[in-house]
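Residues per chain are reported as follows:
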Amino acid sequence: MRKLTRVAAPALAVATLFVSHHAMADFGRIIATGGLTTVEGSGGGGLVPWATLSSYAEEGQWGGTIAYNQVNLDDYKLAVKAATISVDNRWEFSVAKQQFDLLSLGGSLKQDIYGIKYRLGGDVLYGAMPQFTVGLQHKRNQSFDLPQAVGAKDDTGTDIYFSGAKVWLDGIWHRTWLANVTLRATKANEMGLLGFGGDANNSYELQGEIAVGMFINRNWAVGVEYRQKPNNLGFAEEHDWYDIFIGWFPHKRIAFALAYTQLESIAGADGQDGIYGSLQVTF
Amino acid sequence: MARIFLVAIWLLLAVPVVAMERTLYDELGQEQGISQLMEAFILEIAEDDRVIHHFENVDIDRFHRMLSEHICELSGGPCKYSGESMVTVHTGMNISRAEFNAVVENLMTAMDQQQLAVSTQNRLLAILASFHKEVIYQ
Numbered sequence: 001m002r003k004l005t006r007v008a009a010p011a012l013a014v015a016t017l018f019v020s021h022h023a024m025a026d027f028g029r030i031i032a033t034g035g036l037t038t039v040e041g042s043g044g045g046g047l048v049p050w051a052t053l054s055s056y057a058e059e060g061q062w063g064g065t066i067a068y069n070q071v072n073l074d075d076y077k078l079a080v081k082a083a084t085i086s087v088d089n090r091w092e093f094s095v096a097k098q099q100f101d102l103l104s105l106g107g108s109l110k111q112d113i114y115g116i117k118y119r120l121g122g123d124v125l126y127g128a129m130p131q132f133t134v135g136l137q138h139k140r141n142q143s144f145d146l147p148q149a150v151g152a153k154d155d156t157g158t159d160i161y162f163s164g165a166k167v168w169l170d171g172i173w174h175r176t177w178l179a180n181v182t183l184r185a186t187k188a189n190e191m192g193l194l195g196f197g198g199d200a201n202n203s204y205e206l207q208g209e210i211a212v213g214m215f216i217n218r219n220w221a222v223g224v225e226y227r228q229k230p231n232n233l234g235f236a237e238e239h240d241w242y243d244i245f246i247g248w249f250p251h252k253r254i255a256f257a258l259a260y261t262q263l264e265s266i267a268g269a270d271g272q273d274g275i276y277g278s279l280q281v282t283f
Numbered sequence: 001m002a003r004i005f006l007v008a009i010w011l012l013l014a015v016p017v018v019a020m021e022r023t024l025y026d027e028l029g030q031e032q033g034i035s036q037l038m039e040a041f042i043l044e045i046a047e048d049d050r051v052i053h054h055f056e057n058v059d060i061d062r063f064h065r066m067l068s069e070h071i072c073e074l075s076g077g078p079c080k081y082s083g084e085s086m087v088t089v090h091t092g093m094n095i096s097r098a099e100f101n102a103v104v105e106n107l108m109t110a111m112d113q114q115q116l117a118v119s120t121q122n123r124l125l126a127i128l129a130s131f132h133k134e135v136i137y138q
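One line per chain: the protein sequences are A and B, in this order.
Taking the working numbering, the leading residue of the first sequence gets 1, the next gets one more, and so forth.
Taking the working numbering, the leading residue of the second sequence gets 1, the next gets one more, and so forth.
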């Protein structure tokens, strides 16, 4: 947690520059519109960053979240500590620390991710236009020996993504639905845990990611996410990921998600499916 | 996989809703149900420090009557809303996005108190959400 504080401090400092004098930490948006925190720290679902902005900060307000995500797979375990600050329902700043334990091989891979997201326009709830955002995730691999040994070219990389999200309050079956589409340009191998670029490909690839969710009521949502991934390393094929999730928003201050996650084959170890758990506190 | 899913969603959205559905007016409990709901809604607003200042000089009885009439008409009931347009009503109030959301939450609480089904709540919320642009920053 001390390390998280250290990396969060610059993000907080930048964020405060955007907070106008009258802005207050507040909860001016409708419950669940802040979504959850992804494995890369950005606001969204679990695997896919969404066009939603973290926290419940409306115009003239700011808010933040802290989150812990864990994915338990057959041969691996991913743990993510993340924090976000959002300002004016316009900007989202995030920081995440990933630790990916290699349960069968021993050791672990680590990565820090600094994210920024900007709402270009639209509103996820109101009006005909979806909410559109553009974002960056700057990733710094902290354990590059193994990625380098299997052909990765760089220990840092920056993903650029564009997202659109829309909510239908009265959708199919008179339930509230959300759909999100994200396009990401990336060189990351397994999100960057295996470095960036590789012997098989060393240029940016455009990847599509989607999420569809249905709110059973205001507090419970179910949905699916799908995420394309590039294939830059010759030593093992990289696969697309998907998850099927249940989200629980009992209160604006707290949210949980539980998911079945299928991450296919990672670094040659097949059948990496497992359970994803996520906890988010909003302030 | 992604493409199949998007096509499936598109088909579901494109299928027209079966015509036999009850009107929202009936689901809200017709005139009496709407009147009770609007009363609960106004009581919620009255206790909400975020928005109460906008209602200080409002004639509550008239506000209740106009709201009920409007909801009755919008939900497919046999009423004719006799008030001004949403833009006119809110002109000069300069309602912020956060204040609009606060009032939506007041309605959600009121609908919960009236034990309205989620589907009924969503139908009403969707109608009110469509006025967002006409209400804020007027």
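These are calculated hints, taken from the structure and not from any lab test.
Among the hints, erroneous ones may be present.
One-sided and incomplete, this derived list gives chain B residues near chain A with beta-carbon spacing under 7 Å [stated by the list, open to error]:
| # | residue |
| --- | --- |
| 1 | Gly76 |
| 2 | Lys80 |
| 3 | Gln114 |
| 4 | Gln115 |
| 5 | Val118 |
| 6 | His132 |
We put the beta carbon where it would ideally sit given N, CA and C, even for glycine.
Going down the list of hints, with the structure as the test:
1. Gly76: Cβ of glycine 76(B) sits 14 Å from chain A, so the hint is violated.
2. Lys80: At about 24 Å, which exceeds the 7 Å cut-off, the nearest Cβ of chain A leaves the hint on lysine 80(B) violated.
3. Gln114: Because about 15 Å separates glutamine 114(B) from the closest Cβ in chain A, which is outside the 7 Å limit, the hint is violated.
4. Gln115: 13 Å, violated
5. Val118: Since chain A brings a Cβ to about 5 Å from valine 118(B), closer than 7 Å, the hint holds.
6. His132: This hint holds: histidine 132(B) lies near chain A, its Cβ roughly 4 Å from the closest one there, short of 7 Å.
Hint compliance for this structure: hints 1, 2, 3 and 4 are not met, and every other hint is.
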